[in-house]
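So the chains spell out like this:
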Amino acid sequence: MSNILFFFIFFSVQTIGSAVVILFTRNVMYAVTALLSSLLGVAALFVLAGADVLGVIQIIVYIGGVLVLTLFGVMYTYQSPKRYQESIPHKKSVFILIPLLFVLVLLVQALPLLPMIDDPYQHASKVEVTGMLWLTEYLPIFEWIGFLLLVVLIGAGWIGSTLVQEDKSKGEQV
Amino acid sequence: MEIPYELIEKTILVVIVFTVSLLTAMYSTYGERKISAFFQDRIGPNRAGPFGLLQPLADGAKLIFKEEIIPISSNKFLFILGPSISMMTACLTSAVIPWGTYLEIGGRAVEMQVTDINIGILYVFAIVSIGVYGVMIGGWASNNKYSLMGALRASSQMISYEIAMGMSIVALIMTTGTMSLKEIVAQQAEGHWNIIYQPLGFFIFLICAFAELNRTPFDLPECEAELVGGYHTEYSSMKLGLYLFAEYVNMFVSSAVMSALYFGGYDIPFIEYLGLSSNVVAVLGFLFFFAKIVLFIFFFMWIRWTVPRFRYDQLMHLGWRILIPMAIINVILTGVFILFTK
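For the record, the sequence lines run as chains A and B.
For the first sequence, position 171 matches number 244 in this note's numbering, and the numbering has no gaps at all.
For the second sequence, position 171 matches number 190 in this note's numbering, and the numbering has no gaps at all.
Looking at chain B on its own, in the form it has when it is part of the complex:
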């Protein structure tokens, strides 16, 4: 019987990608607390393990062992479905991200991407658009005013910012001519990063990513000053943990998407002059990609602890009257640029 090498490779890769994204998300929570402590001149978690490094494990254990409360007036099925959808969609996106070139193992070239589909960007976009259901269904099923308002805010915010995000990606696709993430990263080799050609597009994409992630300054769906906890007010134990954790997984994935689309992904400029073997280049490329992702995650946290929350009308104003026209202008400018240069 022929050994199904590809199946084994892909299974291992899926497990690795899954583990890395969950671990990164886990330590993002630690990073968030340390960084917020730094910004506020505090020490931050330092009791569990050296430098408090075991804090995420302690948090996880606490969430798992806490008493789980499902409100009696809630809809039990949808109450459980909400966080499940959130977590599932958060983990699905990483399937199309190219984590590196390829590794040569035993004469076989093993791709460092779970699947390379021709519609990679559209796939990412489709999964993101399903993600809003987790918040909406969970918020509705809680049978709580604050949850419902949080869910309404989340959905209207996500719909509004998805448009501008899509338009900024349209301009990117116009310059790259492909929707496959692997090809987009390959085109950026040797330092031709898309950020040079699409600075405005990246700027719009970045702001929309903040809004899609429900992070400050756009964290109106869960702003504690007005809505207690927003859509997850009624949640406790690991279901709350899944909602919070999904946000960090999403942050990791959107950092990866931004690095891949605009910052060359695993590309290290001028590495071809060093004459390294392809395996070393692949591993270095992955590490470099990871460093870019960590930088983006740091940026997300930096903004969160620096910029105050928007008011709701300001949020809508920014989305509909500033970002969408800017994105349309960006598309037109890109079209004119392509017309006169190619």
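Isolated chain A, as found in the complex:
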């Protein structure tokens, strides 16, 4: 088995296994941690496919930005971790069997394709190509999205500020 295939299977199991955990857990924090692991797995798969920039952007945007804010929300709706304690029947066997099952499925799926995915990773970096595309062909699209986000930001700020003012005026009446 080639190295690339080994890592591909490893990160696939990580990604899919974590996604399954998100589906079945009742603990919000476990779900967030599993999502973190899943997103990391996706980033690694991007890098394996030769899209290094995309992999790192995935980490910075989704893990460093979106998921942190999600976690923030979870923490503000704080409940005792005790409440989330869940009892899984046959805990150990479940945690060993499910990943094993995935490895088996992936092996059966991937082995016939072995010659096709021998070395998909091109060592040339995609930084320049991506940068050129961003700043030429796709620039107007990004500009529009940026404009849209600016409108959203200003709107959110405005709503927040008027709410604060209302709160203050209420306080004065009392």
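Hints in this document: simulated from the structure, not taken from any laboratory.
Do not rely on the hints blindly, as some may be mistaken.
[What the hints assert, rightly or not] Derived DSS-like pairs: lysine-lysine, alpha-carbon spacing no greater than 30 angstroms straight-line:
# : chain 1 : residue 1 : chain 2 : residue 2
1 : B       : Lys85     : B       : Lys95
2 : A       : Lys199    : B       : Lys29
3 : B       : Lys81     : B       : Lys53
4 : A       : Lys199    : B       : Lys361
5 : B       : Lys53     : B       : Lys85
6 : B       : Lys164    : B       : Lys85
Use these hints to put chain B onto chain A, whose structure you have.
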């Protein structure tokens, strides 16, 4: 069978980098205590070994052998995961830092960098953004008000300052035209250090580095006057040790990143006129780089024992209303400068 030279070289290099960063972090704790003692007109640790030099070993042994307490109301899995993430991310970043030029061993040029990836800076940034999870998950899993508040403070502070840090790096990338740390250091050869072209950017980066490291004056996540110990209130034994140690490893790594990005890395100005062999230059360069790192670490400690802690609203005010606009202005100024000079 062909001998996999590159694999052996890289393995040895990884072990060396790992050892050096851990040892430096270990003796940073000693340095911190000696420097704080100096600032407060005390003597500092002086019992374990000559000048107290064995103090970090004694501290480590104490932390390892102490009774380990995992609170019964905590979430055990996440409680252990927190410090693990902190320590892991602290050690990951040093992989892309160029520690020197190259050594010639047996006719082979051995690079003094674990891996040179084209997206080096982005990689550093990505790892830093994962680091906040260690604090957040650990703080939540402790099931303690102070821990939770510390974790909340840490995450909001890190998110706020990451933006300004990213913008200051954008301006740097505009002047260098590359994201590979190796190339950035190579471009600064012969004294063309980036600090000359990006003084404002460096200033912003430095302040953000303080905030990312949770060190005074930005140590609100663990400020003992309000939050007992902040996110690590419930931690004991080596898990507490890992949190504290990760902070020192992070300090070492961010000092290295700052030296590499703004102060020429391993570059010694005018060394090419001495006519030394490349191996000697590489070793001297590494030592010079290390000296820069130690200077930065000293600077971190100097600030810690001099400047008082910010209030929380002051911290947010500084991040959002001063540093981010300054960073944007810096980007615009850099753009105008490039437009008219190149």
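State the violated hints by number, sorted upward, taking the hints as numbered earlier in the document. none
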